[in-house]
Amino acid sequence: MKKELVIIGGGAAGLSAAIEARKKGVQDILILERSEELGGILRQCIHAGFGVHKYKTDLTGVEFAQRLRSEIKELGIEYLCGSFVIDMSAERLLTVVHPERGLFQIQAGAIILAMGCRERSRGALMIPGKRIAGVITAGTAQRYLNLKGYLPGKRIVILGSGDIGLIMARQFALEGAEVIRVVEIMPHSSGLARNISQCLEDFDIPLSFNSTVTDIQGRGRVESVTVSKVDESLKPILGTEEIIPCDTLLISAGLIPENELTKAAEIEMAGPGPRVNAELMTSAEGIFACGNVLHIHDLVDHVAAEGTYAGACAAKYLGYGDGAAEMPVFVSEPAYEPGKKAMICLGCPKGCRLVIDAEGNVSGNSCPKGEAFARQEAVSPMRMMSCLMRVAGQDRVFAVRTKSPIPKAMMHNCAEYIYAHPIAAERLPVHVGDVLIENILESGADIVAAQEVEL
Amino acid sequence: MYDAIVIGAGISGCSVARELSRYKLKSLVLEKGHDIAAGTTRGNSATVHAGYDPDPGTNKAIYNVRGSRMYEALCKELEVPYNRNGMVIFATNEEQMEECRRLKKTGDLNTVPTELCDRARLLEIEPDMGEGIIGGLWVPTSAMVCPYQLCFALSENAAMNGVEFRRSCKVTKIERGDDCWKVFAGGEVFETKYIFNCAGTHADIFNNMVSKDSFKIIPREGQHLVLDRELIKYVNTTLSQTPEKLPTGGHTKGMGLMPSVDGTVILGCNADDVEDKDFSDTTAEGIGKIVSYFEEKWKYLPISKYVPEFPRDKVITAYGGSRPHSDRDDFILGEPEDAKYFINLAGIESPGVTAAPAIAIDMVKILVEREGAEENPDYRPGRKIKKPFRDMTREEQLKAIEADPDYAKIVCRCETITEAEIRDAIRRPNGARSISGVKMRTRAGMGRCQGGFCSTRVLEILAEELGCGALEVRQSGNGSQVLLGRAAEGNL
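Residue numbers (the working numbering), protein chains in the order written: chain Y, 152 to 606; chain X, 772 to 1263.
Hints may be right or wrong, so weigh each one.
Simulated DEER-style distance windows between Cβ atoms [unchecked claim]:
1. Y/188 with X/1173: 23 to 29 Å
2. Y/517 with X/901: 24 to 30 Å
3. Y/208 with X/1231: 33 to 39 Å
4. Y/560 with X/1231: 21 to 27 Å
5. Y/563 with X/1234: 47 to 53 Å
6. X/1165 with Y/382: 50 to 56 Å
7. X/1169 with Y/564: 35 to 41 Å
8. Y/477 with X/896: 54 to 60 Å
Facing chain X, a subset of chain Y residues (Cβ under 8 Å, in silico) [said to hold, decoys possible]:
9. 283
10. 516
11. 519
12. 520
Think of the hints as simulated: they come from the structure by calculation, not from any bench. All values derive from a computational prediction rather than experimental measurement. Glycine included, C-beta positions come from ideal geometry on N, C-alpha and C.
Turn these sequences into a full structure, and let the hints guide you.
As structure tokens, then:
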């Protein structure tokens, strides 16, 4: 089979690339996606904080994915879920397997690599101790919870202050699990300031810097972990060991681009990602790379922007469009500083990054609305909340969210209320935005579906 | 009543079980662990040693050499990967060359072919060896195997030929009855004429229950690191420097680099005596020893030509295991004088994996010759096994998917393991019952992401195949539940 453009990976990068390539005029596009649905890791991100840049509104990851999927369908872009690329050559010949279509080959005019990344595992971190159940990466835990509806832990220590771990700390806390501590080997966090603020500080979860896990104990399942302080060279300091009883060690210690196909095609690498030129083309003619396969991004909005750019570049390579695409510029969010609250201003869609210190001084705003927003936040913080809801009598869960922010202090009670009121199966299907609970606990906010749920 | 009960389903026990299955005998294997090969067999250097170094005349020397010569045919018969890649013991100074000469003499006495090499000759064998190596010993008959894969294959073949297996069935007591042994295990009492004591680090406990000729097994732990499969293309042979002397006396083969049959690179191991007979942990100290050793020696290894520094970022996992070292410093084989019908295969430390098939033949022979056991006319030496998907040709992959679309569902992307293979691993004789069981049999979850992506799916497939709920699926043995409850129920 021949295809003009093949995109490997149907997550934020791949879908954005496909959409842009189509808009530039590429007709013959195929997206190859491994899982059963488009959306990639966004499918398991039920929390908000997505789309402030791309869509100028605060969406959950699931909603963000839904928007991308809708665009793909509206544009009539072909995709194949459940497919797996087992081989790729530098000459753009792909070997693919699929349960219905069997094993087949595609000669592509251009390829965009958008396979994303994987998590650094316990093994890669060489964490010593017992080889037992209950040691799990944050993303895997997120998959068990949000896609399968199971709790992989109830008393949790988190190693690493990466964003997924912080997000999971909040979700576990809302589930009623006990997040005992986040342990970070560095003297600073790798997570976004707003996640430290909204995921740990909101829930009084302690974060220890210059510390790491040096042993894991238990029979069958984790019963405790040993946490030690580390010196400047990151070596554990003898005598600082502290044993913390828990049933789960959640690992959130970095992401690694998934470049197995890239390497197999002998594409030149530059560190963990492929070397690319200013138009995101790798050392192999007509093979482009974007998103987390290229380098790890903080924000999905950035991944999407890079995907869009890659789509335009691939289109240009294939002879479409005006070639006017610009490489996106990523502005990092402010780093976490103790005592200072960091937030994204929700006063307007511009999405300024605000910081307010203990004295109430606001910075980062570009208009008075930002200052007002930050002061409100300082006095009576309001939060968007998302969590899971069950379908009564079934094994299914789906994502719901508050339609507008609720007082921070009400998050726990609202979550408990939602858990106690699973949706009746007769009310299905529900669509994104459908109101499921009106004015929950008189907070002034409705609970709406954040996910399409079929009958 | 059984003719034979085998205690322990490691490489020794499973070799004995398969040997027993050649005869018309009623045999049972009792394993306390959750799976076959759950102890020492799981965590070692995966090397089929040539036999150049055990002291001549010892059980270790005799069975190492015999076992080594059996391995290729055995692995072929059971369709288990085997790679005779040879071993290079390299020297960086004259003292180490002297040690190589000593080893050469031992090898000669053990009738194992070895060759003393200067640097030029070594470079013919392993072209990218680092600067500073002056020569060494080349051992062409050293090989690599996957010990637990072989153990699963032995157990499977034994089961096909009629041997019963019970897992999670711990022997707690052995008593002498009238003309039989009474074996108390898993809440039942089994009667048997013969016992084969293949209990690894626990073998002393059973011997000392029935015999005054007591011995002690000291668990000697060893840890290993596993490096990403992208490095194996830079190395052919197993590599080690001249052996290390242990403070406790005796010696190990020292640290080595082993290119595994699965395509990863194994580094290890340390050798430290421990108390816990089930010790399979990794420790900060153990891992630290391996890392600092290889950081120092990296420049000598062929990979360093392409990856100049020890690549910490290519470590995908670490594992540990305990070798059953006996206080007699040799394999303890056969019946104690005061315990007829109780046959020891004890103290089977390195080179135990290599020696086990040869030992099993001689130990089973004691029963067969004394009892005049008849051959089992239905015995089949092989097993029906499909090639792993990733090793198939495109043509074979196409056919496999046509016959079973589950072959097109790649569950483990790092190792390219399909749903069909995972279901097969659960359905086979003595099949997988846990996530770890699937992992050891198929390699799903053993690659660079260590199950991050596939474990959720493997768990679902296990629940389906075993007919249980997701909450009951275990990582390995008792108490190793993966999931602790349902989400969004607010019942915590």
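How the hints compare with the structure:
Between residue 188 of chain Y and residue 1173 of chain X the beta carbons are some 26 Å apart, a value that agrees with the proposed interval 23 to 29 Å. For residue 517 of chain Y and residue 901 of chain X, the hinted distance range of 24 to 30 Å is not satisfied, since their beta carbons lie about 59 Å from each other. At about 35 Å, the CB distance of residue 208 of chain Y to residue 1231 of chain X agrees with the hint of 33 to 39 Å. At roughly 38 Å, the beta-carbon separation of residue 560 of chain Y and residue 1231 of chain X lies outside the given 21 to 27 Å, and the hint is violated.
Distance hint check: the CB atoms of residue 563 of chain Y and residue 1234 of chain X are about 32 Å apart, inconsistent with the given range 47 to 53 Å. A hinted range of 50 to 56 Å holds for the C-beta pair residue 1165 of chain X and residue 382 of chain Y, which are about 53 Å apart. Checked against the hint of 35 to 41 Å, the C-beta distance between residue 1169 of chain X and residue 564 of chain Y comes to roughly 57 Å, which is inconsistent with it. Under the hint 54 to 60 Å, the C-beta atoms of residue 477 of chain Y and residue 896 of chain X, about 55 Å apart, fit the expected range.
The beta carbon of residue 283 of chain Y comes within 6 Å of a beta carbon in chain X, closer than 8 Å, and the hint placing it at the interface holds. Hint status for residue 516 of chain Y relative to chain X: violated, with the closest Cβ pair at about 37 Å, above 8 Å. Hint status for residue 519 of chain Y: violated, given a least beta-carbon distance of 40 Å to chain X, over 8 Å. The criterion of a C-beta within 8 Å of any C-beta in chain X is not met by residue 520 of chain Y, whose closest approach is roughly 36 Å, and the hint is violated.
The structure does not agree with the numbered hints 2, 4, 5, 7, 10, 11 and 12 stated previously, though it agrees with the rest.
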